[in-house]
Amino acid sequence: MNRRGRGWLIFVVLSTGIACGNSSGPNNAPETLAGAGGGAGAGAGAGGIAGTLGNAGTAGTLPASGAGGSSAGAGAGGGGTAGSSAGVGQAGSSGASGSAGDGAGAGAGGVPQGCPIAPAPRLSSGTVMELPIEVTFGGAPLLFAEANPVPGGGMLTPLGVRFYVSEVALLRDGAEPLPVDVVTSTTTVAPYGVHFFNADDAASTTLRVLAPAGEYAGITFLWGLAHACNVLNPDGNMAPLSATSGMSWPHTGFLFFRYEGRVTFPGQGGAGEGGTSSAGMGGAGAGAPAGGAGAGGAGVAGGAGNPSSLYPPVIHMGGNLVEPLAPSIRIEGAFSVPAMGPVSKGLSVALDEIFEGALTDVDLTGFVAPPGPVGEEVLLGERLRRSMPELTVFAFDP
Amino acid sequence: MRFGRAALAFSLGTLGGCSDEPSPTKATPPPSLLTEQIPAGFPAGSIVDRSPSDNTLTEERAALGKRLFYDTRLSRTSDVACATCHEQEHAFAEPNIVSSGVEGRTGNRNAPALMNLAWNESFFWDGRTSTLEEQAGKPIENPDEMDLPIDDAVARVAEDRSYVAAFTAAYGEPPTEASLRKALASFVRTLVSANSAYDRHLRGDDSSFDDAAVRGEFVFLSDRGGCFHCHPAGMLTNEGLFHNGTYAGGEDTGRELVTGRSGDMGKFKVPGLRNIELTAPYMHDGSVPTLEAVIDQYDRGGNGDPTTDPQIEALSLTAEEKAELLAFLRSLTDLDFSTDPRFRP
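Line by line, the protein sequences give chains A and B. Under our numbering, the first sequence has 284 at position 284, and the numbering climbs by one with no breaks. Under our numbering, the second sequence has 1307 at position 307, and the numbering climbs by one with no breaks.
Derived from the structure by calculation, the hints contain no laboratory data. Beta carbons: idealized from backbone N, C-alpha and C, even for Gly. Treat the hints with care, since some could be wrong.
[Claimed, not checked] Quick list of simulated restraints, FRET-style, between CB atoms:
no., chain 1, residue 1, chain 2, residue 2, range
1, B, D1211, A, P151, 11 to 21 Å
2, B, K1138, A, E146, 26 to 36 Å
3, A, I117, B, R1203, 36 to 46 Å
4, B, T1129, A, E146, 49 to 59 Å
5, B, T1129, A, P342, 30 to 40 Å
6, A, T184, B, K1138, 23 to 33 Å
7, B, L1257, A, M155, 37 to 47 Å
[As the list claims (entries may be wrong)] Derived coverage of chain A by chain B (criterion: at least 3 residues anywhere in the stretch with Cβ under 8 Å from a Cβ of chain B; other residues may be distant):
no., segment
8, 134 to 146
9, 172 to 184
10, 205 to 215
11, 340 to 349
12, 368 to 378
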């Protein structure tokens, strides 16, 4: 029996009013890392399961610490549910940055009707445009599986950075965006029309599209999968939509983005405790919606005095089987594609922005989570997804 | 080493009896090692589909590979075969903590089970090879395993006329290093295990997938246990490399030895879990003796190494949940595979 045919119940986390955490202290402590923490988050580093979920804890925005308080109605201008923001990102003020909205496909050719492994080419010819992708942290290239310095004397070691890019379109002045094919290094259309970035695989770190010669004003794409691809069962799929991508969820489509990493600071590092930034993370929680008010999100709870809490150890952003949720990214910046010859335009991915989004206090109303206890990493991912309109995760290289 | 002796006896018997073998026209053809089956939950493609274009899987190649797999002549001392450390009754793993090679030398890793590798994309506990063909020669040359230069292995095989004939039939030429590797890879590619209670459950037959296994599957596939993060349904491995909390210091730092990156310390490849009940002891170093101990290790969040993956956290499972997880893991046992006569010498 197909596991998706087993009738797993999909439920809305917030509607259940999970409130088993112990966040209680009014202890927002912005601009400092030494706030007196409430109890929220205690034990989260050892659990990360239902019992650690906090109740409407919040840390506001970076660089706050501590926990507790209320964030009812904090929507952060966020994405809401699919369709509410039409999927078209807002132009960045700098012209070289972008923001995102929800809604698969909008602005990028519309939602595809299916997700064939070998999509029909959208264009019969063009120039292969390479977009090497570089993850950055603190303004510098992120060294994968190596120690990267963080403010305060700590070190961040990323252990996993993976995401999908699909539904790429080129922005044109005075015309609709032009959908283009994602292609492989051999210039054939990529399986499912999807690019899979894995920081641990150098061959995956360049996005390639087939672009007609011309002048362009930027690019749009989905950070994740279009709905038709997201609802595919990974069983029987080829890469990159098979389980070996490490991106499949048991019941809810695919992860769009996943991150794992460790942060250590001097004086930390007790075995199994401060050695990873999971220590002090907690309070990922949800207050029951009251009278229609937005449910409070949660943030860095129990991170009192613990700078590790600014760097979540695990963030998993994904969709569900119900609606298109992949953030649509829009990056503005002029470039030319010649009729022949190589063309390259670097893309950067700011891990700092990702952390900020994951820790932003946003309304999680309507979030459809996997069955069973909901891990913090899932809630952090959903906060990131909903915060995308306020973030500049992607940008062209200068 | 009991299997090694058996393999040696078989090898000698074969050597002594080659000229007496019945002619192919009179013999009953052996059961086919090939199958077009794509098990439920597996990635696309049969074992034939997934064989590389320069080593398309054929009956001749798989049969040749099987013979090589059980042949102790591929070790310097002619008493260790691939099968010495990969015993069928243990899903082609072995019950020793670490393997013994020539002259009783021991390595530092537990022999991995061999099954469903046609659908894998990396091999060895540290994922250092990306094809079965590349993998196949390394244990032969490893000083702690078979300790025989691959050229010497080829020369030994080439001295046997029956091997020369088999290689010529399979690859159109006498034995070479490449064809030796390809033949071994071809046999390993045929080792498909997909008839456990869980497999039948995936195919819609729940008659042997009891309630405890159902509940255990839920713990496994939800964030209660979180096992699915590395062992997604279907193949039950995402083939990732993670520090799962087993490594707690020592020279064998796993993936770091391949990449040289500090963040890879303690990372080892996530194994598939079919037949896990048959493959004790567990983990890369064979340090965990039982499935119950495996569950306990994950339940406490590993062994406390500060470089453990942050996804490994204490679970505080109840005794009932542990029992259910165990029931699920036992539902992965496929005795049809571990007793399949087609895979015997």
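Checklist line | Annotated coverage of the segment 205 to 215 of chain A by chain B, confirmed only when three residues or more have a Cβ within 8 Å | finding: Not satisfied, violated; 0 residues make the cut.
Next item on the list: Check whether three or more residues of the segment 172 to 184 of chain A sit with their beta carbon closer than 8 Å to a beta carbon of chain B.
Entry: violated (count 0)
Next item on the list: Just tell me: holds or violated, for the beta carbon distance of B/T1129 and A/P342 against 30 to 40 Å?
Entry: holds, 32 Å
Note to self: Please check whether the segment 368 to 378 of chain A has three or more residues whose CB lies within less than 8 Å of a CB on chain B.
What the structure shows: holds (count 8)
Margin query: The hint says 11 to 21 Å between B/D1211 and A/P151; measuring C-beta to C-beta, is that right?
Written below: Since B/D1211 and A/P151 have Cβ atoms about 52 Å apart, the given range 11 to 21 Å is violated.
Next item on the list: Using the beta carbons of B/T1129 and A/E146, state whether their distance is inside 49 to 59 Å or not.
Entry: With Cβ atoms ~23 Å apart, the hint is violated.
Checklist line | Cβ separation of A/I117 and B/R1203, checked against the hinted range 36 to 46 Å | finding: violated, 23 Å
Margin query: If you count the residues of the segment 134 to 146 of chain A with a beta-carbon closer than 8 Å to a beta-carbon of chain B, do you get 3 or more?
Written below: Per the Cβ count (3), the hint holds.
Notebook entry, point to check: Are B/L1257 and A/M155 spaced within 37 to 47 Å by their CB atoms?
Noted result: The hinted range 37 to 47 Å is violated for B/L1257 and A/M155, with Cβ atoms some 21 Å apart.
Notebook entry, point to check: Is the distance from the Cβ of A/T184 to the Cβ of B/K1138 consistent with 23 to 33 Å?
Noted result: holds, 29 Å
Margin query: Taking the Cβ atom of B/K1138 and the Cβ atom of A/E146, is their distance within the range 26 to 36 Å?
Written below: holds, 27 Å
Item checked: Per-stretch coverage check for the segment 340 to 349 of chain A, three Cβ contacts closer than 8 Å to chain B -> n = 0 at 8 Å, threshold three: violated.
Of the numbered hints given earlier, the model fails hints 1, 3, 4, 7, 9, 10, 11; all others are met.
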